[in-house]
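Protein chains in written order, with the UniProt record's numbering: chain A, 1 to 355; chain B, 1 to 184.
Just so you know, the hints here were simulated from the structure itself, not pulled from any lab data.
Possibly wrong hints are sitting among the right ones.
Chain B side only, calculated, beta carbon under 7 Å to chain A, not exhaustive [as the list claims (entries may be wrong)]:
1. 26
2. 43
3. 131
4. 149
5. 178
The calculated label-pair distances, taken between Cβ atoms and stated as ranges, are [said to hold, decoys possible]:
6. B/38 - A/299: 35 to 45 Å
7. A/293 - B/39: 24 to 34 Å
8. B/174 - A/318: 40 to 50 Å
9. A/197 - B/43: 46 to 56 Å
10. A/86 - B/43: 21 to 31 Å
11. B/146 - A/125: 12 to 22 Å
12. A/302 - B/130: 48 to 58 Å
13. B/130 - A/197: 39 to 49 Å
14. B/146 - A/331: 38 to 48 Å
15. B/146 - A/293: 43 to 53 Å
16. A/83 - B/170: 43 to 53 Å
17. B/38 - A/86: 48 to 58 Å
18. B/58 - A/75: 48 to 58 Å
Beta carbons are placed, not taken as given, at the ideal position from N, Cα and C, and that holds for glycine.
Now for the letters of each chain:
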Amino acid sequence: MDVPAAPCRGHEDSSSAGDVVRVPERILKREQARLEDAERRKEVKERHSVAEENSDFFTKTFSRDRAAIDQLIDTCSGTDRASATRTLEEATAKTQLLQKFLNDSMKFLAQYDLRQAQASLQKLQTSLTEKRDEVLPKKKFAFRSRTKAKEEVAEAAAPPQSEETVVDAVTPAGVRFDETVYTKQCGFSHQEAAVLTKTAEELLKQDVLLSHLTDCKVRLLGAPSTLHIKHVRGCEILCGPVSSSVFVDHCRDSTLVVPCQQLRTHNTTATQVYLHVTSRPIIEDCSGVSFAPFTWSYPTLDRDFEVSGLDRTRNNWTQVDDFNWLSASTPSPNWTVVPEGDRRTTWDLNEAHEI
Amino acid sequence: MGLLTILKKMKHKEREMRLLMLGLDNAGKTTILKKFNGEDVSTISPTLGFNIKTLEHRGFKLNIWDVGGQKSLRSYWRNYFESTDGLVWVVDSADRLRLDDCKRELSVLLLEERLAGATLLVFANKQDLPGALSKEAIQEAMGLDDIKTHHWCIMGCSAVTGENLLSGVDWLLDDIAARVFTAD
Ligand SMILES: Nc1nc2c(ncn2[C@@H]2O[C@H](COP(=O)(O)OP(=O)(O)OP(=O)(O)O)[C@@H](O)[C@H]2O)c(=O)[nH]1
Ligand SMILES: [Mg+2]
Chain A
1 MDVPAAPCRG
11 HEDSSSAGDV
21 VRVPERILKR
31 EQARLEDAER
41 RKEVKERHSV
51 AEENSDFFTK
61 TFSRDRAAID
71 QLIDTCSGTD
81 RASATRTLEE
91 ATAKTQLLQK
101 FLNDSMKFLA
111 QYDLRQAQAS
121 LQKLQTSLTE
131 KRDEVLPKKK
141 FAFRSRTKAK
151 EEVAEAAAPP
161 QSEETVVDAV
171 TPAGVRFDET
181 VYTKQCGFSH
191 QEAAVLTKTA
201 EELLKQDVLL
211 SHLTDCKVRL
221 LGAPSTLHIK
231 HVRGCEILCG
241 PVSSSVFVDH
251 CRDSTLVVPC
261 QQLRTHNTTA
271 TQVYLHVTSR
281 PIIEDCSGVS
291 FAPFTWSYPT
301 LDRDFEVSGL
311 DRTRNNWTQV
321 DDFNWLSAST
331 PSPNWTVVPE
341 GDRRTTWDLN
351 EAHEI
Chain B
1 MGLLTILKKM
11 KHKEREMRLL
21 MLGLDNAGKT
31 TILKKFNGED
41 VSTISPTLGF
51 NIKTLEHRGF
61 KLNIWDVGGQ
71 KSLRSYWRNY
81 FESTDGLVWV
91 VDSADRLRLD
101 DCKRELSVLL
111 LEERLAGATL
121 LVFANKQDLP
131 GALSKEAIQE
141 AMGLDDIKTH
151 HWCIMGCSAV
161 TGENLLSGVD
171 WLLDDIAARV
181 FTAD
């Protein structure tokens, strides 16, 4: 068994829920076939290894294939939809193969080469997505404004400053879902210097999305199921108890205040998190994130805690796992605790605050 | 090595199946595993590494591997492919924004030759949430109908209520068993 070298905090236990049956012969035969198969594959691999397992070969092949995909994407234009679809499908398939090639080469690549390759694959994915949006609009999730949404989703009018984002769920292959799949995504997006609030009724059990906000103050006074915070800058976001997870991605110079079951933070810098969390919070690709215990209160907080099912007596806000820092002996440099004297205690909307 | 030797060697081995549970981070893999095993699901942390559980069900010994789905861990998934009988792919049905990612990761897995013989069960999890997409919608969005290389099935489920977890695993066991027996 091949067990990874780095993240190996594995956990094993057993339990019994029925009687064990002796192995019939066919299972044994199959097991044998499986072992022989594995052996054979290993031999084949070893034979190839001399030629293939060197990073020179990898680098050359990888950049050649990448260039070919780049070119496919470049040449694709929206004039002929059918041919654009074909080209993009080909590019997608080639990208997948390239990902697989990278996966297969992982064990002999230097950390640096690996990161480089992963980064360029990521770039390829992005340009593929952008190209698809450009030449085959509406092929992906498209955000449309409230006015357009009104035509299709009969809904009570939203409060003036609240904006609903409609997620137009379409399969990547371009097949549109039927009308029932059209759903309002609860949340706010593309706002600047605004005060944005939502009530308990609007939030209850919802998957809430806050995206592309700059210098906003957000107050979510209720208990959603999940909270996604994406691409925010200079914001102050306070939210009631979230029954499952809070996702943070590409957030900077902000303050987040929230109780939740899980906190999953990505690509975030210079951000303070006032947190109540019942499991271990995590950070991935972050720096300068600091944590403090949750201190906000609002009139229906107790009730919302109950609705969320979160245990109020269990707060693991200091038990942060950094997925990019696997050393157990030295602490991660990517997060800190906000010193007690520097912690904010009031969250009044009217109060001006310098962070 | 002759069959007799093998038989002797393996006499005490039990009917064993290896199930590998994968999916994007936050899909609910660990919650499914714990719920299936009757454990508390309210204190689960994002998985840094993996969990293995061995449990017995319908006379089978199931080794269930649950590997963390955070981005930085996905490149390690491959370390767990060998000898997998069943692949359980877990989808967060409420996470519309990442369905595309989810589809892409699955299609890369299905190209993997070491998973070529595995049966695929897709769990459209979190059906208890009002905003969850139906299993039909997930099936379409993920292009499951295009999968010709593996036996597959999609089931809507909820790790929180436990709905359909058992039916899913039962389908998987039946399919693996049928495949193995008819192969002889
Ligand atoms: N409402 C609801 N929430 C769920 C369900 N399954 C899981 N969750 C929640 O979703 C969050 C993520 O669950 P996990 O089991 O940690 O997800 P995972 O797939 O193991 O994630 P990684 O370990 O990062 O790969 C937790 O807050 C769970 O409580 C479900 O069926 N319904
Ligand atoms: Mg997990």
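Looking only at beta-carbon atoms, does the pair residue 293 of chain A, residue 39 of chain B fall within the given range of 24 to 34 Å?
28 Å, holds
Hint validation: residue 26 of chain B versus chain A, beta carbon distance must be below 7 Å. Holds or violated?
Holds - the Cβ of residue 26 of chain B comes within 7 Å of chain A, reaching about 6 Å at its closest.
Has the hinted range 40 to 50 Å been met by the Cβ atoms of residue 174 of chain B and residue 318 of chain A?
Holds, since residue 174 of chain B and residue 318 of chain A (Cβ atoms, about 47 Å apart) stay within the stated range.
Starting from the hint 38 to 48 Å, judge whether the C-beta atoms of residue 146 of chain B and residue 331 of chain A obey it.
47 Å, holds
Hold the hint about residue 43 of chain B up to the distance rule: shortest CB distance to chain A must be less than 7 Å.
6 Å, holds
Could you tell me whether the CB distance from residue 58 of chain B to residue 75 of chain A stays inside 48 to 58 Å?
The hint (48 to 58 Å, Cβ to Cβ) holds, given that residue 58 of chain B and residue 75 of chain A are roughly 54 Å apart.
May I ask you to test the hint 48 to 58 Å on the CB atoms belonging to residue 38 of chain B and residue 86 of chain A?
The hint (48 to 58 Å, Cβ to Cβ) holds, given that residue 38 of chain B and residue 86 of chain A are roughly 50 Å apart.
Quick one: are residue 83 of chain A and residue 170 of chain B within 43 to 53 Å, going by C-beta?
The hint (43 to 53 Å, Cβ to Cβ) holds, given that residue 83 of chain A and residue 170 of chain B are roughly 46 Å apart.
Evaluate the given range 35 to 45 Å for the C-beta pair formed by residue 38 of chain B and residue 299 of chain A.
38 Å, holds
I want to verify a distance hint. Is the separation of the beta carbons of residue 146 of chain B and residue 293 of chain A within 43 to 53 Å?
49 Å, holds
Is 48 to 58 Å a correct range for the gap between the Cβ atoms of residue 302 of chain A and residue 130 of chain B?
23 Å, violated
Consistency of beta-carbon spacing, residue 43 of chain B to residue 86 of chain A, with hint 21 to 31 Å
Since residue 86 of chain A and residue 43 of chain B have Cβ atoms about 49 Å apart, the given range 21 to 31 Å is violated.
The structure shown violates the earlier hints numbered 4, 5, 9, 10, 12, 13.
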